[in-house]
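Sequences and hints are given; from them, build the entire structure.
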Amino acid sequence: MTPMVSGAPPGIISVEGLRYVYEGADSPALDGIDIEFSRGKSYALLGRNGSGKSTLARCLNGLIVPTAGRVVSCGHDTSREALSNEVARSVALVFQNPDTQLVGATVEEEVAFGPENLGLPSDRIRARVDEAMERAGVTDLAERQPHRLSQGQKQLVAIAGAIAMEPDFLVSDESTSMLDYSSRQRVLELFEELRSSGMGIIHVTHFLEEAVTADEVVVLESGAVAERGSPSSVLGNPERLRALGLEPLPVSVVTRELERIGHRLPRGVLTAGELVAWLYA
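Mapping to numbering that gives the first Met the number 0: the sequence shown position 31 is 30, numbers consecutive.
Hints in this document: simulated from the structure, not taken from any laboratory. Beta carbons: idealized from backbone N, C-alpha and C, even for Gly. Incorrect hints may appear among the rest.
[Unchecked claim] Okay, the calculated beta carbon distance ranges per label pair: (1) G31 / R255: 30 to 36 Å; (2) R255 / D98: 19 to 25 Å; (3) E165 / F206: 25 to 31 Å; (4) R143 / G118: 25 to 31 Å; (5) S232 / G31: 21 to 27 Å; (6) H146 / S229: 39 to 45 Å; (7) Q184 / N96: 17 to 23 Å; (8) S195 / E246: 40 to 46 Å; (9) G261 / N96: 43 to 49 Å; (10) P120 / E246: 49 to 55 Å; (11) Y180 / R47: 19 to 25 Å; (12) H205 / D122: 24 to 30 Å.
Shown next as structure tokens:
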């Protein structure tokens with residue numbers, strides 16, 4: 000086990016002055032990010048295309064390292080090469096397209112891949128694989144070939160593989176963007192189950208409705224944090240969201256119009272159900 004950064008809490012991802020510049024780029028993809036993520040909470044990471052969301056996601060688990068500043072993930076400085084395995088073990092990353100990370104001949108082998116690389120005893124690997132497949136709802140697919148599954152099933156298998164690592168954080172890089180509605184809902188329900196069990200969830204998404212239930216919403220613009228706060232404070236401001244290149248929630252637009260003509264709505268109305276409940280109260 001490699002040593003942790005002195006004084007760094009294990010259940011925290013701390014991003015300090017993060018700057019990242021891709022080779023040959025004229026401007027940084029990330030520029031001066033200062034933010035902290037806590038285990039057991041859910042975060043929605045929003046922003047227009049090119050705002051730096053995916054780059055930040057990759058920095059959090061050490062897939063890429065800062066050009067300047069630092070990222071300390073669960074006590075491990077991602078810039079220290081010797082810590083790369085510890086970072087990946089603590090902060091699991093699930094990509095937009097599951098085909099890019101599925102390597103096993105069967106679903107069971109896929110889910111076992113990470114724990115096997117940790118060098119765990121076979122009985123512990125078996126226990127982790129069984130639990131991860133059950134939590135992701137893919138136990139009945141154990142003997143299936145991953146490439147023959149539906150896109151939604153593949154994504155659940157990829158998440159099961161991440162769960163089997165027993166990470167402190169799961170970072171989702173637009174993992175719902177290629178899924179149909181029912182598959183998206185199943186993945187989001189799984190994220191909530193994992194958060195309830197104590198895992199930190201950082202979900203990069205371009206669906207604003209997926210950010211409604213987050214504990215905190217973060218919006219990036221030009222590689223910097225432009226907005227950060229509760230879903231009601233960030234998503235409830237349609238004018239600001241449009242200025243950041245995001246299409247606001249329809250309910251927040253309707254709410255603004257109702258307020259403009261004199262109605263006083265309770266704070267935090269973000270869903271159609273909440274709006275209907277207020278209208279018929």
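Hints versus structure:
no.: 1; hint: G31 / R255: 30 to 36 Å; in the structure: 31 Å, holds
no.: 2; hint: R255 / D98: 19 to 25 Å; in the structure: 41 Å, violated
no.: 3; hint: E165 / F206: 25 to 31 Å; in the structure: 28 Å, holds
no.: 4; hint: R143 / G118: 25 to 31 Å; in the structure: 27 Å, holds
no.: 5; hint: S232 / G31: 21 to 27 Å; in the structure: 22 Å, holds
no.: 6; hint: H146 / S229: 39 to 45 Å; in the structure: 41 Å, holds
no.: 7; hint: Q184 / N96: 17 to 23 Å; in the structure: 19 Å, holds
no.: 8; hint: S195 / E246: 40 to 46 Å; in the structure: 30 Å, violated
no.: 9; hint: G261 / N96: 43 to 49 Å; in the structure: 48 Å, holds
no.: 10; hint: P120 / E246: 49 to 55 Å; in the structure: 50 Å, holds
no.: 11; hint: Y180 / R47: 19 to 25 Å; in the structure: 23 Å, holds
no.: 12; hint: H205 / D122: 24 to 30 Å; in the structure: 42 Å, violated
Consistency note: the structure conflicts with the earlier hints numbered 2, 8, 12.
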